[in-house]
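**Q** Sequence:
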Amino acid sequence: MAERITPRSQDYAQWYVDVIRQAKLADYSPVRGCMVIRPNGYAIWEKMREVLDRMFKETGHQNAYFPLFIPKSFFSKEAEHVEGFAKECAIVTHSRLRLSADGKGVEPDPDSRLEEELIVRPTSETIIWDTYRNWIQSFRDLPVLINQWANVVRWEMRTRLFLRTMEFLWQEGHTAHATAEEAMEETLRILDIYRRFAEEYMAMPVWVGKKSESEKFAGAVETYTIEALMQDGRALQAGTSHFLGQNFARAFEVTFQDRDGQRKYVWATSWGVSTRLIGALVMTHSDDNGLVLPPRLAPTHIVIVPIWRKEEERVRVLEYGEALRRELAAAGWNVIFDTDDQHTPGWKFHEYEVQGVPVRLSVGPRDVQGEQVEVARRDTLQKTVVPRAGIVDHIGQLLEDIQRTLFERALAFRQAHTHRVETYEEFRQKIEEGGFILARWDGDPHIEARIKEETKATIRCIPLEPIEDPGPALISGRPVRHRVVFARAY
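Letter 223 of the sequence shown, counting from 1, is numbered 223 in this note's numbering, and no numbers are missing.
No lab work stands behind these hints: they were computed from the structure.
Watch out, some of these pointers could steer you wrong.
[Claimed, not checked] With beta-carbon atoms standing in for the labels, derived distance ranges:
id, residue 1, residue 2, range
1, 381, 326, 22 to 30 Å
2, 79, 30, 31 to 39 Å
3, 114, 137, 29 to 37 Å
4, 232, 482, 22 to 30 Å
5, 232, 343, 27 to 35 Å
6, 443, 141, 34 to 42 Å
7, 134, 482, 42 to 50 Å
8, 71, 381, 52 to 60 Å
9, 62, 105, 42 to 50 Å
10, 380, 133, 53 to 61 Å
[Claimed, not checked] Computed cross-link-like contacts, SDA-like style, restricted to lysine to any residue with a CA-CA straight-line distance of at most 25 Å:
id, residue 1, residue 2
11, 456, 480
12, 216, 467
13, 47, 351
14, 77, 218
15, 24, 349
16, 216, 446
17, 348, 22
18, 383, 407
19, 216, 159
20, 310, 325
21, 452, 157
22, 452, 212
23, 72, 110
24, 383, 309
25, 216, 56
26, 452, 158
27, 210, 471
28, 87, 113
29, 24, 50
30, 456, 234
31, 210, 434
32, 456, 164
33, 456, 416
34, 210, 469
35, 210, 423
36, 210, 154
37, 348, 40
38, 87, 31
39, 216, 145
40, 24, 338
Note that the structure is predicted; figures quoted are calculated from it, not measured.
For every residue, glycine included, the Cβ atom is placed at its ideal position computed from N, Cα and C.
Go ahead and model the full structure; you've got the sequences and the hints to work with.
**A** As structure tokens, this is what we get:
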């Protein structure tokens with residue numbers, strides 16, 4: 001298995017695709033730009049969804065579902081929003097097909113052309129805010145805290161498995177509040193949920209900050225983001241939370257009567273993460289042997305591989321392994337006991353290594369006799385032999401150590417690939433090496449645009465915790481107090 005994975009140092013983009021396909025996470029679809037998420041990949045998404053759903057509900061949010069199709073006229077009500085998505089929209093124009101004249105295929109029936117075309121959902125602000133107009137009448141109806149697990153379509157020209165596909169899965173939260181202060185609290189509350197999820201579950205350190213004006217979400221007043229660094233030195237936007245102000249409330253006439261009897265527009269937020277987080281997991285932790293998963297998001301925590309040569313050994317080994325499986329499963333872990341005799345133990349070792357199972361146990365006749373287990377950890381590939389007694393405690397500590405080690409390793413990588421620069425010349429040199437660049441920027445959008453055009457680097461975020469370091473800004477030389485985070489990004 002591992003021999004079919006291109007080394008990262010040779011071709012990082014091909015390595016990424018090889019890991020995804022060999023780990024059976026996803027495959028290409030007959031529809032250009034789309035993907036098939038295989039059971040291994042979908043199981044990771046289910047784990048992510050389970051954790052995030054719990055975190056959202058702990059903060060008072062509820063799930064709902066809104067239509068996939070949105071009337072075209074809705075997109076005309078918020079100009080900045082429609083401009084941001086106009087080039088990515090798929091449009092439904094007809095309601096049925098008919099046989100073509102030659103009888104060899106089908107074509108849209110011209111008599112079924114829709115009176116108003118429908119947009120296939122690229123994001124749901126417009127249809128949700130049209131609905132909220134009916135739900136919200138009084139301050140007693142606020143806040144509205146709704147999340148939706150759904151799919152969206154954005155017509156991408158250049159696609160890459162998980163990172164950028166025409167259709168992808170995500171969650172999108174849409175909330176309404178009585179005051180700007182409450183809406184901003186919500187925006188930052190969700191941003192912190194995303195940060196905690198990235199760092200505590202994905203073992204992926206992130207920068208937390210605000211987007212520049214040119215990089216913010218179409219229709220937002222402010223966009224906040226978490227930004228991670230992949231192993232090729234490029235940044236990945238891993239989640240965003242938007243303060244929408246009253247833009248959509250005004251566009252869709254969503255008002256409420258406050259405690260003083262005055263009618264006011266509500267304040268709004270929206271926020272989301274998507275299946276691109278699976279791509280982030282791959283690029284943050286995996287190696288040339290295949291997928292590496294943090295235990296807290298691994299669909300399978302432990303695999304047990306039995307080894308025997310003689311039939312009399314087989315029975316004892318399988319009994320020993322099954323007792324081990326039951327004990328570990330009772331502790332709450334997902335355990336596979338691979339008793340398939342169609343493949344060799346060596347083949348199985350490679351298979352589960354490629355698929356990123358955090359812990360592999362192997363048991364043979366000597367292990368049965370010695371009341372022991374061979375334990376291999378996926379992150380470091382180290383193997384040890386441990387006593388059978390106390391195995392549950394040992395595995396529990398090992399899984400926590402793997403989770404911690406992956407985060408510390410990713411953090412050390414980010415620190416080693418984060419550079420402070422003083423001049424634009426130094427900036428241009430360092431950006432070629434990859435990684436995050438901490439540089440001073442004076443807020444001039446023209447300078448930001450110039451840097452992007454000349455270096456392909458963008459401002460990933462303006463950190464929420466300011467990086468105090470007074471000095472001259474890039475290019476302009478104007479005095480500024482703080483640094484912002486630049487990088488080339490996916």
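**Q** Could you say whether the range 31 to 39 Å given as a hint is met by the Cβ separation of residue 79 and residue 30?
**A** holds (37 Å)
**Q** Would the hint linking residue 452 and residue 158 be met if the CA-CA limit is 25 Å?
**A** Measuring from Cα to Cα gives roughly 19 Å; hence the hint holds.
**Q** Hey, residue 456 versus residue 234, does the alpha-carbon distance stay inside 25 Å?
**A** holds (11 Å)
**Q** Does residue 446 sit within 25 Å of residue 216, going by the straight-line distance between their CA atoms?
**A** holds (16 Å)
**Q** For a C-alpha distance cap of 25 Å, please report whether residue 383 and residue 407 respect it.
**A** holds (21 Å)
**Q** Does residue 40 sit within 25 Å of residue 348, going by the straight-line distance between their CA atoms?
**A** holds (16 Å)
**Q** Please work out if residue 87 and residue 31 have their alpha carbons no farther apart than 25 Å.
**A** Distance of about 19 Å is within 25 Å: holds.
**Q** Holds or violated: residue 310 and residue 325, Cα atoms, limit 25 Å.
**A** holds (22 Å)
**Q** With respect to the beta-carbon atoms only, verify the hint that residue 381 and residue 326 lie 22 to 30 Å apart.
**A** holds (27 Å)
**Q** So does residue 232 sit 27 to 35 Å from residue 343, Cβ to Cβ?
**A** Since residue 232 and residue 343 have Cβ atoms about 33 Å apart, the given range 27 to 35 Å holds.
**Q** Can you confirm whether the C-alpha distance between residue 456 and residue 480 stays at or below 25 Å?
**A** holds (23 Å)
**Q** Does the structure keep residue 216 and residue 467 at a Cα separation of 25 Å or less?
**A** holds (21 Å)
Consistency note: the structure conflicts with none of the earlier hints.
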